[in-house]
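Q: In order, the protein sequences belong to chains A and B.
Residue 199, in this note's numbering, is where the first sequence stops; the numbers in between run on with no holes.
Residue 188, in this note's numbering, is where the second sequence stops; the numbers in between run on with no holes.
Treat the hints as calculated values from the structure; they're not laboratory data.
Among the clues, some could well be false.
In silico DSSO-like cross-links for lysine-lysine, where the CA-CA straight-line distance does not exceed 27 Å [said to hold, decoys possible]:
| hint | chain 1 | residue 1 | chain 2 | residue 2 |
| --- | --- | --- | --- | --- |
| 1 | B | LYS176 | A | LYS9 |
| 2 | B | LYS149 | A | LYS9 |
| 3 | B | LYS149 | B | LYS32 |
| 4 | B | LYS65 | A | LYS9 |
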Amino acid sequence: MSCSPFDLKDYYFEELGGPERNEMEAHVAQCRACREELQRLRLTGTTLLSLREEEIPRRIAFVSDPVFEPSPWRRWWSGFWNTPARLGFGSAALVSAALVVFALVRPAPVIQYAQAPAPAVQTASAPTALPPADMQARIDQAADRAVAARTKQLVDDLAAERQKLLLVAAELDFASRREQVRTVADLGYGPPRPAGEAK
Amino acid sequence: MIFRAVEDGDLIRQASRGNVEAFNLLVSRWEKRVYNYLLRLTANREDALDLTQDVFLKAYQNLRKLDDAARFAPWLYRIAHNEAYSMFRKRRPESDVADLPPAATDEGITVGGSPVFPVELSLAVASALERLSPEQREAVTLKIYQGFKFEEMAEILSCPVSTVKSRLYTALELLKTELAPIEARGVS
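With these hints in hand, go ahead and build the complete structure from the sequences.
A: Structure below.
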């Protein structure tokens, strides 16, 4: 256990601040045990320093070859893109520019609805004007024709539906009769069975 | 004409603009220290030299990412630390790097020809360092031999300052015990 106010090794390695160092100096001057411990540390340090540094066997030098030397522009460019933040910002700017260019070069597609072919009347000569009476007569005629055609269509549809219903009714009647015959047969009515046949 | 010492910061700024000669000057200032740091970690001169070259190549490639030139030393040693441990993992992928024993060397790490300290003292120190765990040895290397502050060591090793201090102080206690007989014979 050390009686010093601070770590003696910190003091030996000169890692203490000014006030602490002064305090330690005063303590070491008075404390024999700490003085001896400090002396042992210094002796160990001196012993360790007996192992001198060696000279490097071969000097290291780099050669600048103009062939491999990057141009100032390349150095600036590589230095500019050296940081990830710049790289990310540049990538985002590039994507944004690409989107803008794409939007300008290729505008949004216009949805074109299918249009009915223009009537031949429009492409042909302009229609001749009719008197209102004739126009009304023609409209009435056209309406009558349309109503007659529609009525005929309905009558035909009704007849077809009636035919279908009749067929269905006949099917039902046939099925009902067949069911009745089967019921009578199950009750044992019918022609006599041959003799000896088991019931 | 005014002469002034060219600071590392000036060289770093010029090198980051593509001035290879400025970077070579920077390398000449730091290569010995980085080599010795890696030599302590690997205990192998060839590995240390190869790793030193890789460290400076990687440093040149990433120099623009260094925001504060004043933090060059911890940044460079961080690269060296990563390169060394990457090599350890490649060689022993099946085991944890922290559990790796120090590389056994027959000759130890010799002193660079200084007559002041005997060879046996250097061998004893090298042997004592090799008995430490890799983390403890690295902490001792960064503090004793490279002179980094605790905050810088924490940055290099990517761990809290408390962890750095714990590793270093535990290593110092072990080294005191290991080196006590040598010290008793007289090292001044």
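Q: Quick check: which numbered hints come out false for this structure?
A: 4
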